[in-house]
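> Given chain Z, work out where chain Y should sit, using these hints.
Next come the chains, spelled out residue by residue.
2 protein chains.
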Amino acid sequence: MEEKEQEMHKKFLAEAVKLAQENVNTGRGGPFGAVIVKNGEIVARSSNQVLITKDPTMHAEVAAIREACGKLNSFELKDCIIYSSCEPCPMCLGAIYWARPKALYFAADQHTAAKHGFDDKFIYDEIAVPKEKRKIKTVRLVLDTQEEPFKEWTAKEDKTQY
Amino acid sequence: MEEKEQEMHKKFLAEAVKLAQENVNTGRGGPFGAVIVKNGEIVARSSNQVLITKDPTMHAEVAAIREACGKLNSFELKDCIIYSSCEPCPMCLGAIYWARPKALYFAADQHTAAKHGFDDKFIYDEIAVPKEKRKIKTVRLVLDTQEEPFKEWTAKEDKTQY
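Keeping their order, the protein sequence lines are chains Z and Y. Everything in the first sequence is counted per this note's numbering, starting at 2 for the first residue and increasing by one. Everything in the second sequence is counted per this note's numbering, starting at 2 for the first residue and increasing by one.
Just to be clear, a hint being listed does not mean it is correct.
Which stretches of chain Z does chain Y cover? Using the computed rule of at least three CB atoms under 8 Å from a CB of chain Y, they are [to be verified]:
1) 13–22
2) 32–44
3) 97–111
4) 122–131
5) 142–152
Keep in mind that the hints were calculated from the coordinates and are not lab data. Just so you know, even glycine gets a beta-carbon here, dropped at the ideal spot from N, CA and C.
With the rest of the complex left out, here is chain Z (with noise of 0.2 Å):
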């Protein structure tokens, strides 16, 4: 990577951590913040506001994907980078993926969050073991019905994919 690229990231990556600090003082959520970047310019900054939402999903990164999906209006960040404080939780990298941004850029690594008590390994280590196994009791019950929504899907010719 070129100095002066890489110095461009580390400037959008530095203001994610900075989110992430002020977002302890305010008290809204943990210490991380997230910022999405398209063509150079700032589209989304967001900060954890799990305590704030009460709601366990608004991660940085996925608080983030959302304001930054609500003003490009549009379900996909194309040509978007995401800048995350930390290293992504599951949750995140599956919201990373399902938004198709072009790159991901983060500072802290999991070890560093696992170290301040936010470790999110053990959903990684959730996700590679078998349903059966898992430490959330998890059922899969057959019903008739189950694959109707599908075929009613693939059969709709107005549809919008995603």
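Chain Y in isolation, oriented as in the chain Z frame:
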């Protein structure tokens, strides 16, 4: 599982499948539905809302978790059961782990979903791959300030652990 208990779970699952089916007709999003139950009562019912909200994180499970947490005024779904019309994707599985319900039941599996164009296997595969080899370019850049938010969090005395 006792037959009577299984019938109860199937009843709630059927409700999730019904939401999925209705969702195709209304065009709000993909053919997915989820219901959250506490003490035998439905506290949230939601369908995939990706198209109507243009928010790629608004899968049925995430939407239902957000609704249930709002109603219960808590970032934890203690003693709740999540019923999903289909096996959760990695994002939703992550969200479920953060929400901490006591159980998850689902009907259709990922193979049925993939047959109809909803293939989340690529995200499951990507999670298992080292970040240098992921399809969305993923770069870690170390910043001098990256641990500051965590240190402030750890030092903060009046924080809510989540």
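> Three or more residues of the segment 122–131 of chain Z near chain Y by CB distance under 8 Å?
Answer holds; 6 residues pass the 8 Å Cβ test.
> Taking a Cβ-to-Cβ distance below 8 Å as contact, does the segment 13–22 of chain Z have at least three residues touching chain Y?
holds (count 6)
> Under 8 Å between beta-carbons, do enough residues of the segment 32–44 of chain Z, three at least, approach chain Y for the coverage claim to hold?
holds (count 3)
> For the segment 142–152 of chain Z, do at least 3 residues have a Cβ located nearer than 8 Å to some Cβ of chain Y?
Holds: 10 residues of the segment 142–152 of chain Z have a Cβ under 8 Å from chain Y.
> Please check whether the segment 97–111 of chain Z has three or more residues whose CB lies within less than 8 Å of a CB on chain Y.
holds (count 14)
Consistency note: the structure conflicts with none of the earlier hints.
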